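S.K.: Spelled out, the chains give:
Number of protein chains: 2
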Amino acid sequence: MSRPPARSDRTRSDRRSRPPRRDRSRPVEAPPEEVNRAELPSNPPPSLPEGGLRVVALGGIGEIGRNMTVFEYGGRLLVVDCGVLFPSEDSPGVDLILPDFRAIEDRLDDIDALVLTHGHEDHIGAVPFLLRQRPDLTVVGSRFTLALVAAKCKEHRLTPHLLEVKEGERLHHGAFDCEYFAVNHSIPDALAVAIRTPAGLVLHTGDIKLDQLPLDGRLTDLAGFSRLGDEGVDLFLVDSTNADVPGFVISEREIGPVLDGVFHRADARIIVACFASHVHRVQQVLDAAVVHGRRVCLVGRSMERNMGLAAELGLLHVPDGLLVDLDEAMELPDAELVIVSTGSQGEPLSALARMARGEHRSVRIRSEDTIILASSLIPGNETAVFGVINGLTRLGATVVHQGTAKVHVSGHSPAGELLFLYNAVRPSNVMPVHGEWRHLRSNGRLAVQTGVPEDAVVLAEDGVVVDLVDGRASITGRVEVGRVYVDGLEVGDIGESTLADRLVLGEGGFISISVAVDANTGRAVSAPKLSGRGFSDDPKALDAVLPLVEDELSRTESEGITDTHRIAQAVRRVVGKWVGETYRRRPMIVPTVIAI
Amino acid sequence: MSRPPARSDRTRSDRRSRPPRRDRSRPVEAPPEEVNRAELPSNPPPSLPEGGLRVVALGGIGEIGRNMTVFEYGGRLLVVDCGVLFPSEDSPGVDLILPDFRAIEDRLDDIDALVLTHGHEDHIGAVPFLLRQRPDLTVVGSRFTLALVAAKCKEHRLTPHLLEVKEGERLHHGAFDCEYFAVNHSIPDALAVAIRTPAGLVLHTGDIKLDQLPLDGRLTDLAGFSRLGDEGVDLFLVDSTNADVPGFVISEREIGPVLDGVFHRADARIIVACFASHVHRVQQVLDAAVVHGRRVCLVGRSMERNMGLAAELGLLHVPDGLLVDLDEAMELPDAELVIVSTGSQGEPLSALARMARGEHRSVRIRSEDTIILASSLIPGNETAVFGVINGLTRLGATVVHQGTAKVHVSGHSPAGELLFLYNAVRPSNVMPVHGEWRHLRSNGRLAVQTGVPEDAVVLAEDGVVVDLVDGRASITGRVEVGRVYVDGLEVGDIGESTLADRLVLGEGGFISISVAVDANTGRAVSAPKLSGRGFSDDPKALDAVLPLVEDELSRTESEGITDTHRIAQAVRRVVGKWVGETYRRRPMIVPTVIAI
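Read top to bottom, the protein sequences are chains A and B. Counting in the UniProt record's numbering, the first sequence runs from 1 upward without gaps. Counting in the UniProt record's numbering, the second sequence runs from 1 upward without gaps.
Check the hints yourself; a few may be wrong.
Identical copies go unnamed one by one, so any copy, or any two together, can satisfy a pair.
Unchecked claim - With a straight-line cut-off of 20 Å between C-alpha atoms, the simulated DMTMM-like cross-links for lysine to aspartate or glutamate are:
{"id": "1", "residue 1": "K577", "residue 2": "D551"}
{"id": "2", "residue 1": "K540", "residue 2": "E490"}
{"id": "3", "residue 1": "K154", "residue 2": "D320"}
{"id": "4", "residue 1": "K540", "residue 2": "E496"}
{"id": "5", "residue 1": "K577", "residue 2": "E490"}
{"id": "6", "residue 1": "K540", "residue 2": "D493"}
{"id": "7", "residue 1": "K529", "residue 2": "E552"}
{"id": "8", "residue 1": "K529", "residue 2": "D455"}
{"id": "9", "residue 1": "K406", "residue 2": "D230"}
{"id": "10", "residue 1": "K152", "residue 2": "D334"}
{"id": "11", "residue 1": "K529", "residue 2": "D518"}
{"id": "12", "residue 1": "K166", "residue 2": "D112"}
{"id": "13", "residue 1": "K166", "residue 2": "D95"}
Derived from the structure by calculation, the hints contain no laboratory data. All values derive from a computational prediction rather than experimental measurement.
Using the sequences and the hints given, assemble the complete structure.
M.R.: The structure is reproduced here in structure tokens:
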């Protein structure tokens, strides 16, 4: 397949007349051995050539979450999405992880708009943190997305400048000519965005799937993508989340009959847990409730808020009188109630987890209850989710989940659907986004199988700079991108050193040794105080090291050492060696030497 | 369905003539609403009636791992299995979790034998810890199981009394008449055991599946189980691990062609990771290597040891000259090498994890490499395993795993196979074992579907006492069973309080405040030293609390408080309140007050 001619030589008409961009001579059965084997660079990028477009992800590539991609053209910036990442076990105690804004913090005034593809937390969760730095930024999105953003901003006491767009609309945000396309996903009102600059046409899918019979009839606009393909898409940013999953996702509407069957068999209470933004899933629960003569109680702050917004916007149809509050619900006969709750990921403070532990304020799980986890199991949450299932099961309840019944479908296109996308768009260059490395590489292979040249598939990660110049996308450098942690009220004061300490402390606890010494002689003027936390339940565990510490203090004194730091080091060494040999453990050793 | 007559009234012949124990009037399609809804008791059990059999699991019910079941008849004990549990995130820093021996520690001399069903760590891992307390205990098992036990005991410098048994054999261990049956599982030479006492006939499956075309031709002895069923099985202890998975496991031998296909496509190095005891999986890798002209290097201490034992016992067929050591392997052309490695669960110190991080001594991953994870993904290990896959993928390697190809099958019967077991055995009473609550309850439901009366399905958990008296099994009490943690060299000194501290420290770190005070006046004689670890990267994070601590010390002094404990409490309160309000975090607050 020949490279397309340089941009400046092309006209709209010769683009349209090009044949579909497939290399039919390439056998599509055999996946290529690899895509883009080059090492990623560490150098800062050169200046962007005039007429070029620069793309940098500040989050969301090489990980699933905190999606944020910055586009630069002619000195102006467009940001697509601004989400959070939920922490895993490698960042203990952290509440949220934000994209790293450092690469743009000196250029906040150059941003023409923040475009949000949809309302999931990993796409909008960090918006308030960006708005704190640039309060007048225009935030662009669909109606439901903006409703969720507005609610979120209200909690942060921010008043965002919102600009509502619809699929089919095309408008300029400063230097960027943006066209919006309907996309089907696990939240209503999702959009893909096509970004036109003189550098070329870029299409960003956001999160996407191709349900061909969506519950709301709002299909992913594959026809629109095909039209863009005819025009010539220079760079295609594609959701990679399910790229390593073969085949297709069944339709969301196929969950309805499964729910109906579970409702049919249940003759007592039903509790359904699902994501608080999954309007269509909740709709199907409401529909089943109506059919089976049950009323519905929404539990969980985000569930109540989001479904309220969805109902207001006409995205969720709630028959009059169907909903009851928790107090009313507790008065209903068991067979006339469905509770719809958050907590499907085993979150320990959620209503469902409290029910499983027998600690919920109002709801006591009984053996007649049926609980449906109508949700995915996000990797990393397995222990928590199975803990909740075991707790509910131990109390006798029947638990239905995606491992035992088809009560969940994914919101992301797997391989089979991604091939449809590539074949519709026929892009010149591809940049897989929204995925860990395993997903990105699988997605890249799919692109190559549809005829995209291997060297036109750009596998990047956060901070890697991709320049689209003369119709060719390539990696030109890297900007520094770290993880920005939110813990409690503070943003950014927690870094790798604090997290490393937490990991050490969490694995082995600590042993502290406190002693006062004479400032002039270095002589200990108190007995050393030894204490361990997270080290042992045995109150005598540290008795044997006390004489060793005393000996060491005598030694430092006899050598005339008065520097508290050096004395502390000596004590740390003695205790660390002893504990390693005696227990083969590695607690943190924390000596404190006070000079009097 | 009528209950079987009490044991004393029955003869062998009337048992044989009983019809199969199924209640055909019961519709099997609709699962019963529940099984055994009763609360579990907390009382100690009454004394065992004469002629009764008592069953208590010291581990392995209500959890997956550390399987250990104690049978008592006529004052004598028989122990089946003695395994370890691998810790999850709720027991940080712990190496292993053992069954709790307290319930039998005063009765160790009453044990007639320890019967091991197979050689997996969750069935034999705690044997050395039991033998330390009773070194002359007879350890019964199949040849391969005992070879693994002997190797393990050697590491612990123990010389166990081993008694080898084979399927088809029946012999007395003291009061217990035991018959052994061949069982198919993911390790060779597994056994089920039928235990006969005057109280009745008990069948314990151990871990089991029903591969009907096993690689070694050694079928689970369903015919033998049927014969026991004819005789009348009074209590059936059944592996629950996959009870909530519908259907059947495909045959292990179907993995061979999949491996063959991957080998066929690979033109450079192949690295296969799998469990170090999965002899049949390794056999299929060796077979594929022979076909494709590759030599094989075994990597990892347990892999080398176990496959050496398996080869010695004729369970693994290794053609002469096929194996090479790592140094030779590194000299071979890429297309002529297969590395078989441990590390399939993402263990951070394993060879595979080091390769994924680019830290392995000899093996540098290259983009041409193909890596096969021919293993399950044990819940709780997802983050680690996906981390390894991402690391390998980032380096350009092709990674094949059970999510993308059929390179693993489970070793445990799912629901469809369990139904075969129940229908062969036709037990009077059923006790699901080896599972968390979600598995136990599913397994109990399957038993009921085959006609076992609901009240004859005993859902217990660790420590719950089940008595089989007059042919009826019921829960009669509970003995205390905790978790025994091994951390480093010490067993049992870590308990819930240490683990709770580790969880707090791991989430929030700590803030220490050290101050020396005059023993007589309570006056601070040093400036308070404040320091945080795992709290913040900001060196000034604690500056603002210092004046508050000083104020508090002035207050305690002015109130004449000289007790160091009370002063420490006051300081803790001030710092804890400040950090909660300022940061909304909960580090551990560690005050140390030294009286001079």
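S.K.: Which numbered hints turn out to be false for this structure?
M.R.: 3, 8, 9, 10, 13
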